[in-house]
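Colleague: Keeping their order, the protein sequence lines are chains P and U.
Note that the first sequence ends on residue 265 in the numbering used here; no numbers are left out.
Note that the second sequence ends on residue 312 in the numbering used here; no numbers are left out.
Derived by calculation from the structure, the hints in this document are not laboratory data.
Nothing here was measured: the structure is a model prediction, and the numbers come from that model.
Possibly wrong hints are sitting among the right ones.
Computed Cβ-Cβ distance ranges for the label pairs, DEER-style [as the list claims (entries may be wrong)]: (1) U:I100 x P:G72: 32 to 42 Å; (2) P:N17 x U:S104: 35 to 45 Å; (3) U:V145 x P:K19: 33 to 43 Å; (4) U:A37 x P:Q98: 53 to 63 Å; (5) U:A37 x P:T5: 50 to 60 Å; (6) P:E123 x U:A101: 39 to 49 Å; (7) U:N295 x P:G42: 35 to 45 Å; (8) P:D88 x U:A101: 33 to 43 Å; (9) P:G72 x U:L87: 16 to 26 Å; (10) U:K290 x P:E129: 53 to 63 Å.
If we take Cβ atoms under 7 Å as the criterion, some of the chain P residues that face chain U in the derived model are [stated by the list, open to error]: (11) P13; (12) G14; (13) G72; (14) R84; (15) G92; (16) A95; (17) D96; (18) R109; (19) R113; (20) L115; (21) A116; (22) F126; (23) H128; (24) A130.
Positions of the beta carbon are idealized from the N, C-alpha and C atoms, including for glycine.
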Amino acid sequence: MIQLTEIKKTFNPGTINEKLALDGVSLTMEEGDFLTVIGGNGAGKSTMLNAIAGTWPVDEGSIVIDGENVTGLSEYRRAKYLGRVFQDPMTGTAADMQIDENLALANRRGKSRGLAWGITKSEREFYHEALKELNLGLEDRMTTKVGLLSGGQRQALTLLMATLQKPKVLLLDEHTAALDPKTARTVLETTERLVSEHNLTTLMVTHNMRDAIHYGNRIIMMNEGKIILDISGEEKKNLTIEDLLHKFEEVSGEEFTNDQAILSK
Amino acid sequence: MNIGMLFQAMPGNVAQGIIWGVMALGVFMTFKILDFADLSVDGSFATGGAVTVVLVTSGWSSPSALVMAFAVGILAGLATGILHTLLGIPDILAGILTQIALYSVNLNIMSGAANMALSVNQYNLLVSLRYISRTILVASGITLVLICLMYWYFGTEQGSAIRATGTNPAMSRAQGINISLMKVIALSLSNGIVAFSGGLLAQYQGFADINMGRGAIVIGLAAVIIGEVIGHALIGKRMNFIVRMLFVVIGAIMYYIAIGIVLWLRMPTNNLKLFTAVIVALFLAVPYLKDKANNSFAKAGRRGAAYHDSTD
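Make a model of the complete structure from these sequences and hints.
Modeller: Here you go:
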């Protein structure tokens, strides 16, 4: 379903700020895989997601989604394969536009945008039903500007937008990091429901080790631009945070440095 | 100072305000919808005037000359769009480059003349200061049609994509929108509208001038901002898109009424641009200062002092 082969990316090459952010990352995911990604600060988690999303071109390696090599496609051209939710709730939605207008934009991802009316009546009914399932009462506020919604509501809406057109791959980049714990829980539950409902191939970066263990069928740990741990199946189900920390030290020879990850139990 | 003279001048100010209101709708499109301060309009406004006068004097009908002005304006916007998206030049600078280039282009259109007359006696013109009430009628009609067209366009899939590009480029890319293309389209349409308005003004005043667009962006901004402030005061938060555009035109009319009043007060015309700059600065500053007044350190300091005294 998605295949990364030997991806390399260096930021600011040839300057004092040169940083090898991805150092030969290879990863293959099957359809329906729900992969969680953890790692210390600057380990390359978000960078890997951005490489898949096409935020910038990679230096080396190839990215194949659903049999198609997308390595040379710019961000907006790749968008038709991808659903994305960002860390900052402001990033995923257009604040000055209404809830239904945002959904309509997402519903046309990967399609040409012509002079047909931007949102049809039957679409609105469909959005009404979809919003109902979020349980946030947004279905009664479809003409509200998204800028008036809370961070949690915006993330839930972004999730819905990302999955409205079933994406080949869903990219979640610490999408609950900016939310309070209770809201984060709700958004994660919605995430899990949507992922299993549509059998979505999902990559979820998180700083929360407990969430990383609890959700998904596979977990990878990154360090210094490499995947250093890859655990799935039964072994993943029985993981504990202590196991993970221990394994990290074993493989990398250093202590885990992301306090946020360790403390947010 | 005779109040009668002021009222006598009013219809002319209103007519001029409506024509500039068309121009302000073009500015609204870039400045408000696309979030792009496009300075090329100073050039494309005069381009529209030049094209219209040249064509009408060579035998074109007034409406078809305006359509050509619109088309040439689109090319001007295209230039700014390409400078910005393909060549990576920041928005303000891209607009300034087009604007300065258009100065030469406009001179060439007018065969080197800085000024070209278009007499209403010789040609059949859509609008003219000779027939002010007809001008107001025709210009209002054109404005309403334009507002309806813009309302329709920004409701379409493509128009929605342009609006999304203006509010959140990152989100737009993630939703598969080619934001460079959207910027080029919006800049082109905006400059087309501005050039169209320049063509109207050239007919109205009976000549095109190489300097007729100087400060157009500031007048456009004045209209957008004055309209917004008035609309907000009258209607508040219930302003929808079509009403917002109506208030842009009302803003332009108010601006020209204000100009009429200061001229009546015998302010030298040399100071008009200074006056305009002060007006725009005031309208831009008022919302900021209001917010500051409600949320200032000075207030917090006074509250803090009172609290301190009471607990002493």
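Colleague: Does each hint fit the structure? Answer for all of them.
Modeller: Here is what the structure says about each hint:
no.: 1; hint: U:I100 x P:G72: 32 to 42 Å; verdict: holds (37 Å)
no.: 2; hint: P:N17 x U:S104: 35 to 45 Å; verdict: holds (43 Å)
no.: 3; hint: U:V145 x P:K19: 33 to 43 Å; verdict: violated (56 Å)
no.: 4; hint: U:A37 x P:Q98: 53 to 63 Å; verdict: violated (26 Å)
no.: 5; hint: U:A37 x P:T5: 50 to 60 Å; verdict: violated (44 Å)
no.: 6; hint: P:E123 x U:A101: 39 to 49 Å; verdict: holds (44 Å)
no.: 7; hint: U:N295 x P:G42: 35 to 45 Å; verdict: holds (37 Å)
no.: 8; hint: P:D88 x U:A101: 33 to 43 Å; verdict: holds (39 Å)
no.: 9; hint: P:G72 x U:L87: 16 to 26 Å; verdict: holds (22 Å)
no.: 10; hint: U:K290 x P:E129: 53 to 63 Å; verdict: violated (42 Å)
no.: 11; hint: P13; verdict: violated (19 Å)
no.: 12; hint: G14; verdict: violated (20 Å)
no.: 13; hint: G72; verdict: violated (16 Å)
no.: 14; hint: R84; verdict: holds (5 Å)
no.: 15; hint: G92; verdict: holds (6 Å)
no.: 16; hint: A95; verdict: holds (6 Å)
no.: 17; hint: D96; verdict: holds (4 Å)
no.: 18; hint: R109; verdict: holds (4 Å)
no.: 19; hint: R113; verdict: holds (4 Å)
no.: 20; hint: L115; verdict: holds (5 Å)
no.: 21; hint: A116; verdict: holds (6 Å)
no.: 22; hint: F126; verdict: violated (16 Å)
no.: 23; hint: H128; verdict: violated (19 Å)
no.: 24; hint: A130; verdict: violated (16 Å)
Going through the hint list in order, the structure does not satisfy hints 3, 4, 5, 10, 11, 12, 13, 22, 23, 24.
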